[in-house]
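So the protein lines, in turn, are chains A and B. Residue numbering for the first sequence follows the numbering used here, starting at 1 and increasing by one per position. Residue numbering for the second sequence follows the numbering used here, starting at 1 and increasing by one per position.
There may be inaccurate statements among the hints.
[Unchecked claim] Label pairs and their calculated CB-CB ranges:
#1 B/Lys263 x A/Arg229: 39 to 47 Å
#2 B/Phe59 x A/Pro107: 41 to 49 Å
#3 A/Arg229 x B/Trp12: 50 to 58 Å
#4 B/Ser102 x A/Gly137: 30 to 38 Å
[Claimed, not checked] Looking from chain A toward chain B, a few residues come up when the C-beta cut is under 7 Å (computed):
#5 Ser76
#6 Met80
#7 Phe82
#8 Asn104
#9 Asp129
#10 His133
Simulated from the structure, these hints should not be mistaken for laboratory data. Glycine included, C-beta positions come from ideal geometry on N, C-alpha and C.
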Amino acid sequence: MSYIELNNIRKVFKKDDKETVAIDDISLHIEKEELVSILGPSGCGKTTVLRMIAGLVEPTSGEVFVDGTKVVAPGSDRGMVFQDFALFPWRSVRKNIEFGLEVNGVPKEERTARVDKYLEIVGLEKFADARVHELSGGMKQRVGIARALVNHPKVVLMDEPFGALDAQTRNIMQAGLIKILDKTDQTIVFVTHSVDEAVFLSDRIVILTKRPARIKDVIEIPWPRPRDRASPEFTALRKRILTELEQENVMDQGAPADKPPKLTGGLLNRIRHRDRPDSETGDK
Amino acid sequence: MFGFKYDTENKWHRLGRLLLIMAASLLTFVYVWWILAIIINTPAIPTPDLVWAAMIKLFNEGDIQTGLSMWDHMAASLKRFLGGFALAFGVAVPLGLLIGYSRFLDEFSRPVLEFLKPIAPIAWAPVFIFATTLTIGPILVVFVGIFFPLLYNTIFGVKKIEPSLTDAAKTLGAKERQVFYKVMLPCTTPYIMNGMRIGFGIGWMCIVAAEMIAPLGGGLGYFISLQSTLSNWPYVFVGLGVISVLGILTTGLVDYAYRLMAKRMGIE
Chain A
1 MSYIELNNIR KVFKKDDKET VAIDDISLHI EKEELVSILG PSGCGKTTVL RMIAGLVEPT
61 SGEVFVDGTK VVAPGSDRGM VFQDFALFPW RSVRKNIEFG LEVNGVPKEE RTARVDKYLE
121 IVGLEKFADA RVHELSGGMK QRVGIARALV NHPKVVLMDE PFGALDAQTR NIMQAGLIKI
181 LDKTDQTIVF VTHSVDEAVF LSDRIVILTK RPARIKDVIE IPWPRPRDRA SPEFTALRKR
241 ILTELEQENV MDQGAPADKP PKLTGGLLNR IRHRDRPDSE TGDK
Chain B
1 MFGFKYDTEN KWHRLGRLLL IMAASLLTFV YVWWILAIII NTPAIPTPDL VWAAMIKLFN
61 EGDIQTGLSM WDHMAASLKR FLGGFALAFG VAVPLGLLIG YSRFLDEFSR PVLEFLKPIA
121 PIAWAPVFIF ATTLTIGPIL VVFVGIFFPL LYNTIFGVKK IEPSLTDAAK TLGAKERQVF
181 YKVMLPCTTP YIMNGMRIGF GIGWMCIVAA EMIAPLGGGL GYFISLQSTL SNWPYVFVGL
241 GVISVLGILT TGLVDYAYRL MAKRMGIE
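Start from the sequences and build out the full structure, keeping to the hints where you can.
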């Protein structure tokens with residue numbers, strides 16, 4: 001059995017008698033100490049897959065296993081890093097990182113030692129007592145990463161963690177993450193919409209189709225890290241993945257007849273439109 | 001003139017300017033009041049000098065009718081105010097957290113709350129005083145005054161919690177109880193304090209009004225109502241002034257606490 005297993009996962013969202021299939025039969029096995037990226041067109045359900053491993057979303061059918069245990073609820077063995085950082089603004093940097101240890105009843109002395117260690121790993125020793133709002137975006141996310149790592153989770157689930165950062169900070173953070181991996185051998189599932197980021201970081205890239213999401217392709221990248229973005233292999237692989245993704249986007253535009261007619265204003269027009277539920281959403 | 005130049009970057013200059021304008025504003029107020037009092041020429045609007053003399057007498061000796069000094073009246077009103085506030089806080093905050101948390105409770109309580117909300121707190125005074133006592137009645141009026149803003153702000157606060165914060169707590173291993181105490185409660189605190197800010201203003205108006213209806217054991221409202229029936233107008237004006245100053249102090253205190261916390265959490 002693999003370290004993380006998603007077996008025949010399906011997710012159907014129901015809203016007002018309408019069913020939207022978000023994820024259609026995904027099976028994925030991830031090994032220990034692997035960094036797997038999930039790439040796909042926006043709105044395809046990448047984040048939903050991640051949240052299912054976290055236990056924040058329940059699959060409609062299929063099962064998720066982490067280290068042989070079936071996932072039924074969120075837990076500290078599956079840490080998560082969020083795009084919007086999701087730090088607690090009323091806590092200092094140290095107290096944010098300490099949160100998981102605190103709720104899991106780790107004794108105070110061990111808590112302090114472990115937080116100190118991870119503050120050093122992410123390079124925020126000097127900001128231990130700072131308030132969250134005093135930090136830059138990149139520093140905030142380093143707190144987010146330390147907060148997830150300090151629990152010694154089996155896997156860290158990263159949901160577009162650098163998506164809210166500017167390009168330069170993004171590159172610095174990616175390099176930083178690689179350094180952290182050298183020290184911790186952490187298993188990571190990484191959701192991103194940046195092809196460059198996925199190729200730079202991943203042992204394996206899983207490309208999803210547009211909604212309903214299925215696995216379109218899985219690409220192994222055996223190159224050691226850190227990787228050279230300018231190397232011909234890197235550029236070639238990037239191009240190949242971009243082309244695959246583009247196919248998905250082109251197909252997405254191929255169904256204009258399903259889209260609701262453009263509204264040109266007028267309250268009556270809008271009310272009428274609302275009376276026809278079949279034309280309300282374009283993605284069906 | 002004197003080689004002085006106002007500098008917007010200098011904090012002492014800014015403070016000096018502020019104080020100067022404030023003094024000018026208050027002086028204008030006293031001046032206009034004085035002139036109006038002379039023009040209107042009725043005992044019900046005494047001139048500032050009479051009010052000043054009355055104030056010194058009231059704070060030092062008190063009035064003959066009740067035998068209480070102004071300090072005693074202030075203490076009596078504040079005590080009732082704090083009683084009503086404590087009661088409102090104890091009920092509105094837990095209730096608001098629950099209603100914000102549970103959709104059923106929200107839907108269930110909404111019609112009742114919406115029905116009761118438009119009733120001016122003071123309209124309850126006769127009912128409360130008759131149903132309880134002259135001591136407890138006014139406290140209940142304050143309770144109603146503070147209850148609604150506090151409750152509605154608490155509910156609003158719970159609904160405004162970022163889902164990613166509770167998600168983060170759960171993935172860090174927090175159980176439902178811990179999510180409630182360690183995430184929902186601190187997230188809601190700024191909203192609770194905002195409710196207090198609004199509630200304090202309303203509650204303070206309520207207590208004075210309720211005391212006018214419940215004449216027992218002193219209090220500013222009681223004092224004003226008593227002195228006006230005796231036509232001691234300068235005394236009445238002192239009462240009005242004290243109400244204002246205490247109102248500024250009580251709401252100012254919450255306001256200060258709110259700012260302190262907002263700064264810590266980085267909310268503007």
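Honestly, which of those hints from before does the structure not fit?
2, 9
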